[in-house]
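Participant: Based on these hints, arrange chain B on the given structure of chain A.
Heads up: the sequence lines are chains A and B, in that order. In case it helps, our numbering puts the first sequence at residues 235 to 751. In case it helps, our numbering puts the second sequence at residues 2 to 793.
Read the hints as simulated data drawn from the structure, not as lab findings. Computed from a predicted structure; not experimentally measured. There could be a bad hint or two in this list.
Said to hold, decoys possible - Only pairs whose alpha carbons sit at most 25 Å apart, straight line, appear in this in silico SDA-like list of lysine to any residue:
no.: 1; chain 1: B; residue 1: K726; chain 2: A; residue 2: R653
no.: 2; chain 1: B; residue 1: K398; chain 2: A; residue 2: R653
no.: 3; chain 1: B; residue 1: K437; chain 2: A; residue 2: D645
no.: 4; chain 1: B; residue 1: K437; chain 2: A; residue 2: R259
no.: 5; chain 1: A; residue 1: K746; chain 2: B; residue 2: I405
no.: 6; chain 1: B; residue 1: K456; chain 2: A; residue 2: T721
no.: 7; chain 1: B; residue 1: K446; chain 2: A; residue 2: A665
Stated by the list, open to error - Partner residues are not named here, just some residues of chain B that face chain A (Cβ under 8 Å, in silico):
no.: 8; residue: A23
no.: 9; residue: T133
no.: 10; residue: D152
no.: 11; residue: A161
no.: 12; residue: A407
no.: 13; residue: R411
no.: 14; residue: A419
no.: 15; residue: A429
no.: 16; residue: E502
no.: 17; residue: V698
The beta carbon of each residue, even a glycine, is placed where N, CA and C say it ideally should be.
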Amino acid sequence: MPITLPLSFLAPLVLLAVAALALARPGRRPGALPRLSETAALAALAMAGLGLLQVIATGPVTRGAGALVLGADAVSATLALLVAFIGWVVMRYARNYLDGEAREGTFHGLMLATLAPVLLLVQAGSLPLMILAFATIGVLLRQLLLFYPDRPEARRAATKFSLVWHAGDVALALAAVLLWAAWGATDIATVTTMAREGALPAAAHGAVAALVLAAALKTAAFPLHGWLTEVMEAPTPVSALLHAGIVNAGGVLLIRMADAVQASPGAMAALVMLGGLTALFGAVVMLAQSGVKTALAWSTVAQMGFMLLQCGLGLWALALLHIVAHSLYKAHAFLSSGGAVKAVASIRRPGPVAVPNLSAVARAFALALLLYGVVATGFIALVGAKSPQALALGAMLIFGVAYLIAQGLADAAPADLTRRTAKASFAAAIAYFVFQQVANAAWGPMLPDAPVAGPLEWALIVLAVLSFGTVAVAQALFPLWAHHPATTGLRVHVANGLYLNALLDRLIGGFKTTKTN
Amino acid sequence: MFLKHSQIAPARISGLLDAAEAACRAIPPAFPLEATVAVNPVLGHVGDDLATASARLARVAGVVLTRKRAEYAAAMAAGRITDEDLADALFCSTSPMKPIDLGTLKAKAQADAPAPQALPTVADLAAQATGTDWPEIIARTFGLWAAGQFDRGQALWTPAPGQNAYTAWQGWASRDLTPEIAGLKGFCAHVAGAPDLAERAILRASEHLGLHDDAAQSVYHRLLMDLGGWAQHGRWLLWQAELDGETDNTLAAMLAIRLVWEEALLAHVPGVAKAWAEAVGQHAAPVAPSPDMVIDAILQDAADRAHQRRLAATLASAQPVAGADRPALQAAFCIDVRSEVFRRALEAQDPGIATIGFAGFFGLALGHRNHGSDVVEAHLPVLLKPALNSCAAAPEKADFEARIAARATRAWGRFRQAAVSSFAFVEAAGPMYGAKLVADSLGLKKNKATSPAPKLSDELSVEARAQLAAAILTGMGITKGHAPLVLLLGHGSGVVNNPHESAYHCGACGGHTGEVSARLLAALLNDPATRAALPAHGIDVPADTLFLAGLHDTASDEIALYPDHAAPEHAEAVKQAKAWMSRAGRIARTERAARLPGAQAATLAERATGWAEPRPEWGLAGCAAFIAAPRGQSAGADLGGRAFLHSYDWTTDQGFATLETILTAPVVVASWISLQYYGSTVAPQVFGGGNKLIHNVTGGIGVVEGNGGRLRTGLPWQAVHDGEKAAHEPLRLSVLVEAPEEAILGVLKKHPDLAKLFDNGWLHLFALKDGKMTARYRPGSGFEAAGFAQAA
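Here chain A stands alone, though its shape is the one from the complex (with noise of 0.2 Å):
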């Protein structure tokens, strides 16, 4: 039975609907607004779960013609569903946190606003329609940012975020002038096709860099990642939906445009050294922070940055999981961040910390490479040869495992807490493979394979290893050398994320005095 339409493309229409109610009752308690912007965002998560089925049912739709496409497949629709159901929390949640606010209608109005073109951009077909919904994204969640306009730090914050957002904007203009140059064509659907046909023109690896630009400014990687970090100057909900649904649409452009970027390898190794490098520095960052949204802001920036990775290595599926996983894990952490109080005391409670030590260290690094081996046969043996990035994406997970496996191995850790722990690896480990493998097969047949390792992909994916193995050891072995008077300096630089935003406040006037109104 043919479908005259996928839902989810009018769930953006539904927002609006209500998003312009608001524009009526922009002040404090108003009235039924609250109730009704939550069932508007339940509305648009419903029919984004039905246009899910219909994709599931009917195989993929586009809607559409020339640049103002909308395409529903398996990527999209997930996406769509996604950004849908943080639209619900995010609302739901408003509508009691922003009780009583000065400006609460407008508030809700501008979240199903913002909201509205986010769901348009992950269901775009076509770039310009994409750079459409980026740019009006940008300025709607200005107006967010600014919630509280009387706050120069928010009015700091603003201006920053307004800067490399819409810089990314113009480099995905020239990624459209480039593409359109090289193959007369700016949706999605033409430009994998001709990608796929073979090497790309110089006009296309021209789109392909300014993509890969427009990508990493609006993922907030380094250098330029200072305006992720400070834009907790809006309400939770707001924190919540650009970690959880906005930041994460520069690393939708690159999946939607998978077979392009993959055609250009000097992308690529970009994307590996760009993601792996931000996917440390922000990793390294966090552990300094003692503000809770500051620490989930951070880690952030290393999740962005290790989702680039993840594109870079060709593992698209996978970087769309990341993005799926990371999503649901920084709602859930932003939106309960008030629970840090009792968390960080709960921490204090059952006494010091086992320290692993470099023997426990080694032990767990051994296991965790054996508990590697094992689950990695096991399900090559189930479901199939896995490429090279694939695994060595596994090692630098498995890394992280062994740190998890060290605590339980320390000297002064009771055999207990040691069986609780190496438990917790091995589900770890087992969840990990069991949600690639769900990817894979979800979303695997939309996306390009992992390129055919040449020398480059080979040197990248060892280096992409060794940085995240040291980086693991020296976390495993962290209490051993953390406060050593020697780091002290290094903590400094590091708590002040290397000061590349201190330098850009420099640059853009933002240790300036700010003049009230």
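Facilitator: What follows is chain B alone, placed relative to chain A:
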């Protein structure tokens, strides 16, 4: 002499350091949010009256301690403040600057007072001169350092433990390039070259800043206030150290740090020297209120009087309730104002129900170690030191298992947080958070874990136990004729996802719930050996009396009883009590829901446990009176959940020892609470916890707004304001005591620090006679007739 500063004469050294210490002591302590309690924000200014304290704070922090004129004017226009209140307040003002007559006062109330302006710091002046926002840069860089330095477990990478704050900061700031990037060339070298002791750094910077003894204290105070809650955290460290008979110089270190900044900025922008010298000159002038501040203080006094007038009328019209000889049920509640609503509702259920008000730690000064925990937590008013140790009574195996579970959770948490492993965490566990989001959004999670009963870990002899029990029962005023069932009800708030949760718990239990205290007291009073020894102390507990502990959830007005004692013969009484309490809960919820925006009585509990709820309950907002009297005298009055109720019968108080305890302990604690609500309402930018919507929990100890910067202490705006109007009417607490006037005056005479609170108007004092407000305390002249209409 250890100092080599030839410019500073030894006499000046002690002058400056004394000034530094005095400035440090003017800062109120802020207890970490893990177990926070209300603190009087003007603790350092109780020697001043309201107008003078306003003047002082205006100069050092840019705030005054009174409401906006428009609010007083609105209350006058609505008739809540009458001409009589204004005239009385005007008459009683001792300021030579007061308006000449009522007409002038009323005219003044219609026009806004000029906004207070803090004297500028060098950083402020430098910002004006250079356009670089130095105050903000200081707040940001200091905040980042302090967040790490005082972190209790949020970040995995914290500074090396055990270093004193000043040394740690020198290590930090001599490497932190941010100020230099912002334009302060050579700041790292300046810090590295600064004296290596906080005291010496204070002296050197004071010299360079041209501070003389007259100005020093005020300048220091200004700089400490500039650090916001961080200074209050430092003051808390000093508070804790002094409780243990030690000392702590973190706060002095903070002052030194801030002075080093001023020193560097003055050298960086020498052009502001003249303006700075002027500011120092203004600091040197004695603190004196402006005429506007005097007017505001009079208007505030009128508002206090208006409340007292209504309170007197309420009490005067109340019918005293005669208690049954032997009640069917006695229930002891914390004096907390939230108990009043529930007590009134419970008493209405049956004439055989008697309620008692007593501080919620029930007189047990506990240091409690929780189930599966190494940390001893103080469950008592913060003015006191723990005298008894307790722990969970669970078997060792259970304790071990709880510990292992907690440690495994912790290891998982570190796995989530650490570099590299955080990626593995997201890939392996991220998708599961979808379910968590649904559960939390819909409020599906029901977390009602019961903790094991506590026990005293100290071995107390029977005699010691009996003495303790007797002292507590005497303090509570129940020495004979106990009901067959006596409930000991602590309180706590079942809120979730709220950094300020402990602020809703029991202040008398040090920001914990009253569960442990109530359960321990019940165990003590049910112990047969202790009971047998009680008659020797003049306490006569009937053999059939059972003490049962419970917890009043102030967010849901539900009461959970702890069945720690097998008592089949009391099953019927317990069942009856539960039925009464359940009905009383419904009434109390109806009453409270009317005040909470968007709340309905039936869904109050669900509302409170929603993870997105900024106003789960009003806490003690509205608190305005403290009544120490037999409950029977106030039982007929609807006090609207605004009064602390302490049961007290002076006729049985030998030597007025109990009176002395009440005035020096619960009244002082109540004054801290009332003044915290007061401060957070009238001066939220300095004494309030800021906007909950942008709170960023930092170091596990407190919150900052947005990205970082100053720690925010006190109550969040949402805790005292419903968005349209303040939910807390800022009033100074009226303390009403049913006791002979001479006895009350005797206690004041014995405790000059307490007397200061009344003499300088931070508390009002009334003597009750048969439950009516008959006499008002006037500083200097003792009690005089209150002049309230006494007829019902």
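Participant: Now tell me if each hint is right for this structure.
Facilitator: Do the hints match the structure? See the list:
For the suggested pair B:K726 and A:R653, the alpha carbons sit about 55 Å apart, so the restraint of at most 25 Å is broken. The hinted pair formed by B:K398 and A:R653 meets the criterion: a straight-line CA distance of about 17 Å does not exceed 25 Å. Restraint check: the Cα-Cα separation between B:K437 and A:D645 comes to about 34 Å, which exceeds 25 Å; the hinted pair is violated. At most 25 Å may separate the alpha-carbon atoms for a hinted pair to count; B:K437 and A:R259 exceed this at roughly 32 Å.
A distance of roughly 51 Å separates the Cα atoms of A:K746 and B:I405; the hinted pair therefore is violated under the 25 Å criterion. Of the supplied pair hints, the one linking B:K456 and A:T721 is violated, its CA atoms being roughly 45 Å apart against a limit of 25 Å. For the given pair, B:K446 sits about 24 Å from A:A665 by alpha-carbon distance, which is consistent with the 25 Å threshold. Using the Cβ-Cβ criterion of 8 Å, the hint placing B:A23 at the interface with chain A is not satisfied: the shortest such distance is roughly 31 Å.
A least Cβ separation of about 5 Å between B:T133 and chain A falls short of the 8 Å threshold, and the interface hint therefore holds. Here the hint on B:D152 is kept, as its CB sits about 4 Å from the closest CB of chain A, short of 8 Å. Here the hint on B:A161 is kept, as its CB sits about 4 Å from the closest CB of chain A, short of 8 Å. Look at B:A407: its Cβ gets to within about 4 Å of chain A, closer than 8 Å, so that hint holds up.
Among the interface hints, the one on B:R411 holds; its C-beta lies about 6 Å from the nearest C-beta in chain A, closer than the 8 Å criterion. Annotation: interface hint on B:A419 holds; nearest CB of chain A at approximately 5 Å, less than 8 Å. A distance limit of 8 Å between C-beta atoms decides the matter here; for B:A429 the minimum to chain A is near 4 Å, and the interface restraint holds. Evaluation of the B:E502 hint against chain A yields a held restraint, the C-beta minimum of about 7 Å falling below 8 Å.
The beta carbon of B:V698 is positioned within 8 Å of a beta carbon in chain A (closest approach about 4 Å), and the interface hint is therefore held.
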